[in-house]
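Build out the structure end to end from the sequences listed, making use of the hints.
2 protein chains.
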Amino acid sequence: MKILVSNDDGIDSPGIAALVKSLKEIAEIIVVAPQYEQSAVGHAITMKIPLRVTPYYKNGDFFGYAVDGTPADCVKMGIRNIMKEPPDLVLSGINNGSNAAINIIYSGTVSAAREAAIMEVPSAAISVTNHAPKNFDYAAKLARRLALKMKNQKLPLGTMLNVNVPDVSEEEIAGILLTKQGKSTWDDVYEQRKDPYGKDYYWLTGKMFDVDTDADIDQVAIRNNYVSITPIHFDLTDYETFKKMKNWHIESLMNEKET
Amino acid sequence: MKILVSNDDGIDSPGIAALVKSLKEIAEIIVVAPQYEQSAVGHAITMKIPLRVTPYYKNGDFFGYAVDGTPADCVKMGIRNIMKEPPDLVLSGINNGSNAAINIIYSGTVSAAREAAIMEVPSAAISVTNHAPKNFDYAAKLARRLALKMKNQKLPLGTMLNVNVPDVSEEEIAGILLTKQGKSTWDDVYEQRKDPYGKDYYWLTGKMFDVDTDADIDQVAIRNNYVSITPIHFDLTDYETFKKMKNWHIESLMNEKET
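Which chain is which? The protein sequence lines are A and B, in order.
Mapped onto my numbering, the consecutive letters of the first sequence carry residue numbers 65 to 323.
Mapped onto my numbering, the consecutive letters of the second sequence carry residue numbers 65 to 323.
There may be inaccurate statements among the hints.
The list treats identical chains as interchangeable, and a pair is accepted whether it falls inside one copy or across any two copies.
The calculated lysine-lysine pairs, modelled on BS3-like cross-linking and capped at a C-alpha distance of 27 Å, are [claimed, not checked]:
{"hint": "1", "residue 1": "K271", "residue 2": "K205"}
{"hint": "2", "residue 1": "K271", "residue 2": "K112"}
{"hint": "3", "residue 1": "K247", "residue 2": "K310"}
{"hint": "4", "residue 1": "K148", "residue 2": "K263"}
{"hint": "5", "residue 1": "K213", "residue 2": "K88"}
{"hint": "6", "residue 1": "K271", "residue 2": "K258"}
{"hint": "7", "residue 1": "K307", "residue 2": "K218"}
{"hint": "8", "residue 1": "K247", "residue 2": "K112"}
{"hint": "9", "residue 1": "K148", "residue 2": "K310"}
{"hint": "10", "residue 1": "K247", "residue 2": "K307"}
{"hint": "11", "residue 1": "K247", "residue 2": "K308"}
{"hint": "12", "residue 1": "K85", "residue 2": "K307"}
Since the hints were made in silico from the structure, they are not lab data.
Here's what the structure looks like:
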C-alpha cells in the first residue's frame, strides 16, 4: 500500500511526524506537505504564481517534499507530478486543533484530503482537538487502523472521512462514533489595535458558538470524548431548497418587472 | 434595502463596478472587497496576521472599503466591523469566469457569499462565464432582479445562491434554470519551467474535464446558454455514505487487530 501524507501545519510540525512514524509500519509513505503553516487557508489553490518543490529530510524521521503552497496544492503536486501513479490513500494531518462543524469549511487539513477525493483517491483528514495537542500517539495508531479498514471498505468516489480525536489519553477515549457535520459557527470579533505609527489594524479573534446537541454530531461527539468520523463530499447542492425553489419561478427573472 | 457587495477579483475590477451601478437603483450599497485579486483562494480566512482596511474611491463610481485579505475576510469584516447592523443581502461578484461544478470549491467569489450564509445573511454569488467577459450588463441587471426576488422569497438560513451567467448578449440567453452542482473537475497539468538560475518551478495549468450531461446541472445549463442558479449550503455531510458506513463497524477500530 502507498500512502501520500500531507497536512496544513507544515512539513515541520510534530503531527505529521507522528502520523508518518505510525503509517510506516503498514505502507510505503510519500510526504508532500506545505513548507510553511497554512491553517485556515480553506480550499485555496495556487494558480497565479508558480510553485517550488524542495526535498526535505526531517531529522532522519522521514524524507519528503516541501511545497511553497497550500495543502490542496501539495496533494495535486504529489499525485500529478511527484508520484508515478496515484497512491492507494491520502491522509492529511495530524492537525493541531479540531476540524469539526463549520471549521471543516475553513480547514486546510480537510481541503488536502478533499482535493484527493476530487481526484478520486480515497482519503481522510485526522485532527486532534487541541491547538497544542499532548496526545498524538493514539490518533496516529487510529489513523493506521483506519488506513487498513479503508483498504477493505471502499468509500464512494468523491467522499472522504473527516476524523477528530479528543486530546485525552487512550484510556479516556469513550469510543468511536460515525457522525454528521455540526452547525456550530464562530462568534467573530475583530480586535482593533494601533500600529507604532498610529494606524489601525484588525486581528480576528472569537470563540466557537456551540449550538449542537445531538449525540451523532461531530462537535458533540468530541465534547463527549468520542472519536468522531464524518463522511463528507464536495457536492454542496442544497437539494431540499432546490425542490422548494420550484415555487420561486426564477424563469420569470427573464423579463419580470423590477418592482 | 441594504446590500453588502464583495468579490474576489479585487475592488478595482470592472465586474464589481457594474454590479454596484446596477444595485444602486434599488438599495443602499456598502462595498467591502479585497484590495488585490484573490481568485481560487477558496474559503481562506486570515487569522495569523492582522488586516488593514482602506477607504477607497473608485472614479466617482462608488465609495468602498478595501481589505488586504480574502473574500471571506471582507464579508466578516463588513458585517462585524464596518456596518452597524447586518445587511439585508450580500452579493459577491460579478466574477470574471464561471464558478460551476468543482469550481464552487475553489472560488473566492462563492466563498464570500457562503461566509454571509454562515453568518445567516441571505446571499448570492454572480459570475459571468468568461475570463474576460464582454457582457457584464445583463448579469448586473439580473442580479438586481434577483435581489428583489430574494427580498420576498426567503432562503433557509445557511443557504446561498450560486449564479452563473453565460457571456453572450441578452438576446442569446436561452432562459434561466434552477440547477444542481456538476461533477466536472480539472485535468491538472503542472508546467515545469526553469528560472534564470537553472532551478525548476511549476505552474498549474489544465482544462476542465467536462463529464456532466443532465440539463439541470450548472455546467450543462451554461453550456446551453442558460443562466444557472444553484442553491448551495455548507453542510458537507455525505448522508448516503453515512447510512452505508453503519456496516463498517468503525467502533471496532477501538481495539481491532491491525492485520
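Going down the list of hints, with the structure as the test:
1. K271 - K205: neither (30 Å within a copy, 39 Å between copies)
2. K271 - K112: between (33 Å within a copy, 15 Å between copies)
3. K247 - K310: Both: 26 Å inside a chain and 22 Å across chains, each within 27 Å.
4. K148 - K263: Result: close only across copies, 21 Å inter versus 51 Å intra.
5. K213 - K88: within (16 Å within a copy, 57 Å between copies)
6. K271 - K258: Within one copy only: 23 Å inside a chain, 46 Å across chains, cut-off 27 Å.
7. K307 - K218: between (31 Å within a copy, 14 Å between copies)
8. K247 - K112: between (34 Å within a copy, 24 Å between copies)
9. K148 - K310: neither (47 Å within a copy, 35 Å between copies)
10. K247 - K307: both (22 Å within a copy, 20 Å between copies)
11. K247 - K308: For K247 and K308, both the intra-copy (21 Å) and inter-copy (22 Å) Cα distances are at most 27 Å.
12. K85 - K307: neither (48 Å within a copy, 33 Å between copies)
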